[in-house]
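Chemist: My request is simple: use the sequences and hints to build the entire structure.
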Amino acid sequence: MRRLQGLPALDEIVSLAVRIITSRTFLEILVFPGFLNITLSAAFLTWLERKVIARVQLRIGPLYAGMWGILQPIADGVKLMFKEMIFPELADARLLMLCALSLMLIAAAPVVAIPFGDGLVIANMEIGLIYVFAAVSLFPTVILLIGWGSNSKYPFIGGLRSLFQQVSYEIPMWFSALGIVMLTGSLNLTEIVKAQQNIWFLVPQVLGFAVFFTTVLAELERIPFDLPEAETELVMGWMTELSGVAFMIGFLAMYIKLYLMSALITVLFLGGWLGPPLLPDPVWFLVKTFLVSSVIVIIRGSFPRVRIDLLLKAGWTRLLLLALANIFVTVILIVLGLDWMWRV
Amino acid sequence: MALDSWTLFVVFELLIFLGIFPLLVFGWLMGAKGRDPIRDAPFESGQTHLGEARQRYMMQYYPYLIMFVVFDVVAMFLFTWGLAFTALPFAQGFLLLVFLVILVAPLGYALYLSSKTEIW
Chain A
1 MRRLQGLPAL DEIVSLAVRI ITSRTFLEIL VFPGFLNITL SAAFLTWLER KVIARVQLRI
61 GPLYAGMWGI LQPIADGVKL MFKEMIFPEL ADARLLMLCA LSLMLIAAAP VVAIPFGDGL
121 VIANMEIGLI YVFAAVSLFP TVILLIGWGS NSKYPFIGGL RSLFQQVSYE IPMWFSALGI
181 VMLTGSLNLT EIVKAQQNIW FLVPQVLGFA VFFTTVLAEL ERIPFDLPEA ETELVMGWMT
241 ELSGVAFMIG FLAMYIKLYL MSALITVLFL GGWLGPPLLP DPVWFLVKTF LVSSVIVIIR
301 GSFPRVRIDL LLKAGWTRLL LLALANIFVT VILIVLGLDW MWRV
Chain B
1 MALDSWTLFV VFELLIFLGI FPLLVFGWLM GAKGRDPIRD APFESGQTHL GEARQRYMMQ
61 YYPYLIMFVV FDVVAMFLFT WGLAFTALPF AQGFLLLVFL VILVAPLGYA LYLSSKTEIW
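Chains as they are written, first to last, in this note's numbering: chain A, 1 to 344; chain B, 1 to 120.
Derived by calculation from the structure, the hints in this document are not laboratory data.
Any given hint could turn out to be false.
Think about it this way: if two alpha-carbon atoms lie no more than 25 Å apart in a straight line, the pair counts; the simulated BS3-like pairs of lysine-lysine are [said to hold, decoys possible]:
#, chain 1, residue 1, chain 2, residue 2
1, A, 313, B, 33
2, A, 51, A, 79
3, B, 116, A, 79
4, B, 33, A, 83
Modeler: As structure tokens, this is what we get:
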């Protein structure tokens, strides 16, 4: 049979597959920065969130499954797997399942470029930062599709709100990360971490950090910006009509997003894996990442929700102008010649 | 030999797919099935739903979407500019800052118009 033009032969595919599976990178993809790491960390974060929120509200939280209830996420997962997937009669069930699946794929995508240690990165991309932002900017589309596919009023309004909020807050997010790109002259996340050997970017970019952290809260749809999921108005927002395994996947995807955005904050502003040589590099990275996640969780426990028009207006006026001011501060730093500390 | 980023990305996403898709199939096979008009109704906090949800909504926040289209492009140009900032001659680097300052005036006018909900 004549081979199709441009398609590789079978033996080439087999040899590529063998080469991938036997390489050290495959272990990285499967275990540490990759698959097992993100799923287990997301499960751990659901437990951490319930425990921390319980402490904030003077409760005890999950207690019975395992020590301190640490096996609670697994119990929840098993429970949800055996539940019926109920989709409303007017909904497009196949579209909903497909969207839940692609939400997972998009949420997990940034981990490919994020360095968890020196050289401990799946693909050391030159455009790592742009790649992560591109993956994050795919969320609103899928969330709006879930709202549309549910064909129910709460999910649709939640999806629309989510679209406006995430799209509006992406701009200040990009602008606030620009100062780091100007100081390092690189978009490679590994080089951005290495540039922070003397001083973390938290110090010269403190304005950028404030804007970036706020926009990450909005991108994650967490309190005080959880309008798409405002429980008192919209039940569960765009997730209302997901149930059973589809809900589990969507929920897990949101926690993977929380984990990876915390990791991105760690890489950009908190020096990534750098730290005193008491602990191995990845341990420092995980400690910082979970600290950032805990701060986000404590914020959820302590702040009220803002109104959506105020939220959008604040994003376009205050945050955008603060991010622009951050760019000017960075330019002044470079003109004064203080940027040698962060050159690789 | 090092594998390129694109191959690694595809392998990673394939692995996620292979890990998650069986769960969906499992849930579909294990869960109960059958139709029930009350259970299959869209959830509206106990009220009977009227018609489809795909209808017209007031788009009072639509101007923000239009502004996103403008600033999206600006952001991408800014990234290339920021990447090359120190390599550029002084005057060329500062030209874009002037442009950013000019951009604030139309941004303010757009925000003023977007706050007038009666025209949207």
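Chemist: For every hint, state whether the structure bears it out.
Modeler: Okay, the hints, checked on the actual structure:
1. Between residue 313 (chain A) and residue 33 (chain B) the CA atoms are separated by roughly 46 Å; this puts the pair beyond 25 Å, and the hint is violated.
2. Simply put, residue 51 (chain A) and residue 79 (chain A) have alpha-carbon atoms about 20 Å apart, close enough for the 25 Å limit, and the pair holds.
3. Taking the CA atoms of residue 116 (chain B) and residue 79 (chain A), the gap is near 49 Å; set against the 25 Å cutoff, the hint is violated.
4. Between residue 33 (chain B) and residue 83 (chain A) the CA atoms are separated by roughly 10 Å; this keeps the pair inside 25 Å, and the hint holds.
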